[in-house]
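Novice: Here the protein sequences line up with chains A and B, keeping their order.
Going by my numbering, the letters in the first sequence line up with residues 1 to 802, in that order.
Going by my numbering, the letters in the second sequence line up with residues 1 to 112, in that order.
Simulated from the structure, these hints should not be mistaken for lab results.
All C-beta atoms in this analysis are idealised placements derived from N, C-alpha and C, irrespective of residue type, glycine included.
Some hints could be false.
Partner residues are not named here, just some residues of chain A that face chain B (Cβ under 10 Å, in silico) [stated by the list, open to error]:
| no. | residue |
| --- | --- |
| 1 | S60 |
| 2 | A62 |
| 3 | I65 |
| 4 | P66 |
| 5 | A598 |
| 6 | I646 |
| 7 | L695 |
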Amino acid sequence: MTLLHLAILSPFLMAILVPFIYKFVRNVHTGWFVLVLPVTLFVYFVQFIPRNMNGQTTISTAEWIPSLGINFTALVDGLGLLFALLITGIGALVVLYSIYYLSKEKEQLHSFYVYLLMFMGAMLGVVLSDNMIVLYTFWELTSLSSFLLIGYWYHREKSRYGAQKSMLITVFGGLAMLGGFVLLYLMTGTFSIRETIGYVPAIMDHYLFVPAMLLILLGAFTKSAQFPFYIWLPDAMEAPTPVSAYLHSATMVKAGIYLVARLSPVFALTPEWFWIVSTVGIITLFWGSFNAVKQTDLKAILAFSTVSQLGLIMSLLGVGAASLHYDMLDDNIFTVATLAAVFHLINHATFKGSLFMVVGIVDHETGTRDIRKLGGLMSLMPITFTIAVIGAFSMAGLPPFNGFLSKEMFFTGMLRVMEFDLFNAQTYGFIFPVLAWLGSIFTFLYSMVLVFRTFTGKYQPEKLEKKPHEAPIGMLIPPIILASLVIVIGFFPNIISYSIIEPAMASILPTLLMEGEHFYVNIYMWHGWTPELFMTIGVVALGVLGYLTLPKWRRIYNLFPEKLTLNKAYDGGLKGLNTGSERLTKFYMTGFFRDYLAYIFAFMIVILGSTIAIKGAFSYSFDDLAPVGPYEAVIAVVMTLSALTIVFSKSRLSAIIALGAVGYSLSLFFVIFRAPDLALTQLIIETVSVALFLLCFYHLPEFKKVETKMRFKVENFIISAGVGLVVTLIALSANSQQVSDRISNYFIENSYYLAGGKNMVNVILVDFRGFDTLFEVVVLGIAALGIYSMIKLRLSRGEEQS
Amino acid sequence: MEILMSIVVGILFMAATYLILSRSLLRIIIGTGLLSHGAHLLLLTMSGLKQGAPPLLGIPADTYADPLPQALILTAIVISFGVTSFFLVLAYRSYQELGTDDMDRLRGNEHE
Numbered sequence: 001m002t003l004l005h006l007a008i009l010s011p012f013l014m015a016i017l018v019p020f021i022y023k024f025v026r027n028v029h030t031g032w033f034v035l036v037l038p039v040t041l042f043v044y045f046v047q048f049i050p051r052n053m054n055g056q057t058t059i060s061t062a063e064w065i066p067s068l069g070i071n072f073t074a075l076v077d078g079l080g081l082l083f084a085l086l087i088t089g090i091g092a093l094v095v096l097y098s099i100y101y102l103s104k105e106k107e108q109l110h111s112f113y114v115y116l117l118m119f120m121g122a123m124l125g126v127v128l129s130d131n132m133i134v135l136y137t138f139w140e141l142t143s144l145s146s147f148l149l150i151g152y153w154y155h156r157e158k159s160r161y162g163a164q165k166s167m168l169i170t171v172f173g174g175l176a177m178l179g180g181f182v183l184l185y186l187m188t189g190t191f192s193i194r195e196t197i198g199y200v201p202a203i204m205d206h207y208l209f210v211p212a213m214l215l216i217l218l219g220a221f222t223k224s225a226q227f228p229f230y231i232w233l234p235d236a237m238e239a240p241t242p243v244s245a246y247l248h249s250a251t252m253v254k255a256g257i258y259l260v261a262r263l264s265p266v267f268a269l270t271p272e273w274f275w276i277v278s279t280v281g282i283i284t285l286f287w288g289s290f291n292a293v294k295q296t297d298l299k300a301i302l303a304f305s306t307v308s309q310l311g312l313i314m315s316l317l318g319v320g321a322a323s324l325h326y327d328m329l330d331d332n333i334f335t336v337a338t339l340a341a342v343f344h345l346i347n348h349a350t351f352k353g354s355l356f357m358v359v360g361i362v363d364h365e366t367g368t369r370d371i372r373k374l375g376g377l378m379s380l381m382p383i384t385f386t387i388a389v390i391g392a393f394s395m396a397g398l399p400p401f402n403g404f405l406s407k408e409m410f411f412t413g414m415l416r417v418m419e420f421d422l423f424n425a426q427t428y429g430f431i432f433p434v435l436a437w438l439g440s441i442f443t444f445l446y447s448m449v450l451v452f453r454t455f456t457g458k459y460q461p462e463k464l465e466k467k468p469h470e471a472p473i474g475m476l477i478p479p480i481i482l483a484s485l486v487i488v489i490g491f492f493p494n495i496i497s498y499s500i501i502e503p504a505m506a507s508i509l510p511t512l513l514m515e516g517e518h519f520y521v522n523i524y525m526w527h528g529w530t531p532e533l534f535m536t537i538g539v540v541a542l543g544v545l546g547y548l549t550l551p552k553w554r555r556i557y558n559l560f561p562e563k564l565t566l567n568k569a570y571d572g573g574l575k576g577l578n579t580g581s582e583r584l585t586k587f588y589m590t591g592f593f594r595d596y597l598a599y600i601f602a603f604m605i606v607i608l609g610s611t612i613a614i615k616g617a618f619s620y621s622f623d624d625l626a627p628v629g630p631y632e633a634v635i636a637v638v639m640t641l642s643a644l645t646i647v648f649s650k651s652r653l654s655a656i657i658a659l660g661a662v663g664y665s666l667s668l669f670f671v672i673f674r675a676p677d678l679a680l681t682q683l684i685i686e687t688v689s690v691a692l693f694l695l696c697f698y699h700l701p702e703f704k705k706v707e708t709k710m711r712f713k714v715e716n717f718i719i720s721a722g723v724g725l726v727v728t729l730i731a732l733s734a735n736s737q738q739v740s741d742r743i744s745n746y747f748i749e750n751s752y753y754l755a756g757g758k759n760m761v762n763v764i765l766v767d768f769r770g771f772d773t774l775f776e777v778v779v780l781g782i783a784a785l786g787i788y789s790m791i792k793l794r795l796s797r798g799e800e801q802s
Numbered sequence: 001m002e003i004l005m006s007i008v009v010g011i012l013f014m015a016a017t018y019l020i021l022s023r024s025l026l027r028i029i030i031g032t033g034l035l036s037h038g039a040h041l042l043l044l045t046m047s048g049l050k051q052g053a054p055p056l057l058g059i060p061a062d063t064y065a066d067p068l069p070q071a072l073i074l075t076a077i078v079i080s081f082g083v084t085s086f087f088l089v090l091a092y093r094s095y096q097e098l099g100t101d102d103m104d105r106l107r108g109n110e111h112e
């Protein structure tokens, strides 16, 4: 347990304190106390930057379950540090924003900050854990806290729906990921990610390698809202806006990105990884941006935009995997994709966070997020407007903002796929730049819609619930900080390139670096008349044209029927599962006792019969049989006839008497087969039983009352014949397969010498195996007590209730 | 002899199963009684039916019948008797309270 562990776990400790602060300090907003923690953590993590720049990483281990190889190993390398800074930095801004966003009087602040801190700690744990099981633990904690935060206004139906949906999808992925980790463990014998990288050359051809990869990717894709699992993200927008800004744009949805980047050294050499990650990413990019244009809710636009941007980063990580196929660092043209991924990750967190906060301000000040009701807010909210322009232009990829730089690099990366001469990339690679370019046009479109539909055009005060005015300064500070970062990184990208981006790339592509080498990243605003620049000019030109003619071609969205959307598929699937399982249960749980007995008997026949057939268990030898005497034959016939009489008798009296006949012939068998004690007991007990039956006979109804005659049922007959047959077969085979000497010789030899009795059966009952007899007596006692209480104890319904 | 006994046991099991699958509670109880008879006979048969003296050391003989299955059967008889009598009284009481012994009408109420 070091300071680093304490830093990761500190949000959880703080979460314990929050309810007390909320209860005892009511006149100060609880958020002010919470704010201290992320700021402190941010400062703490900034200290790691110089060390990481020199290529050093910080590792410390705290033992958790050492016997299973599960230890809390905290690892701060370039990638982990980048995420830790994002989490704590944006976390601090979001907490500040939430202080002004959530009212002290109306909201349950303690639950909000408990969930938020829980999330922050879980997220730090995800990005700083080296052990996969610990990573998984924190991963599920992020799902859980996200669920709680989405359902924060739990009295709303839509919040609960969104929370449930995100829970089901992300937990599904999380479990798949756990499966992948376990498969990796089976191959390597370690849960440590660093050690796993060392095993990669040895396990690459293992038959579990690709399944493990697919399962882990499933976890990453569901968490990062990739196609087709993105559907939970738009519904998660029911959460309070600070939550959307923090979880659903900057941090949690990047956990999947983190996982892909973190495990790139493990899986990236396989063609499956290259194709799946980059294709899923590029499809998500296009589909997300295409759908964002048709949304009318500001947060829904941002949700689809997040989906699309995550797809962009994901596809860049996939393409970056290509660089591992070239050992040389010099002239390795594919590392630019990884660089673009890391760079855009940072940029997206800055501009998307500020845009969410802007939307929150608009919502807070006007009472609506519907762009059809909004317009003309520019003069009323000038600062908010400025931030929105900066964020949206950066998102659209316009100079001089940071989005422009990463978008140019994105185009570069996508164009270079066509030069990759492995895995058929030269044949199908052209699809990447085309989809990327189309996606960028739509990105430009919705960015413009976001800004200009909200802040320009006609002011419609009659449609708004409140009279809009500029937000309080505290609410504006966090987006102003983020927007300034957008501009600063846009103009001086190199301040983060050496300190943060290079170490992060070193963690994603460790095998490319020799000892002491480091990536050389230099980002220029102007890089000459390249194809990428012309692509951007094309994006702007077509985007402007598209925006101006938007009402005309908007109709193409109506071409897609509502029934075929993925949301409908999800809802239908969930409903189908419910009704399907209900129908299945109703189908076999009939409530009729007889049906259950029929299942039991049928399964007994099938299982025993098939086992006998498959294992060849049936064999019969005719040696060693006792001869059939005339008495036995006669009694056997009598017994069979009486048994059949019971079945066919129409009155209960004859059935009872026939049962008595079976019992008495059984005692005759006992006589013949040399069992005097058995014969005695059987005679007495049969007599008492028949008497008891006759006693009940008086009180029970005639068979006729329920069945005029015993109807013959074919299925019952088949089942009972099967049972009889199976029992006969088992009896025959058991009889001819006696393998060892009998234990009874011991009883025969010793019952007189050891126990002093000549009746061997009685000696066994009370001496050798006396315990059986003890509990048999207990059974009789319980039966007697049960009968007594059943007859005596008569609580009617009224008495029971009183 | 063992073959004959095995077949008789099979018939007993078959009749018992058929009775247990019927609608009347009394028939089901009779079926369980028949089933226990079959099981006891099966126990005895599977241990071999070779001739020998009864398992009493007072009778001088070379071979005795196997005493262990007899002890097991004795235990089983007593237990099945206890259970059967309990079951009978249960049937009697349920008929008194519910007014039917038709298994189909004794089906549970779905809305409880």
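Novice: Can you name, in rising order, the numbers of the hints this structure does not satisfy?
Specialist: Hints 1, 2, 3, 4 contradicted; others consistent.
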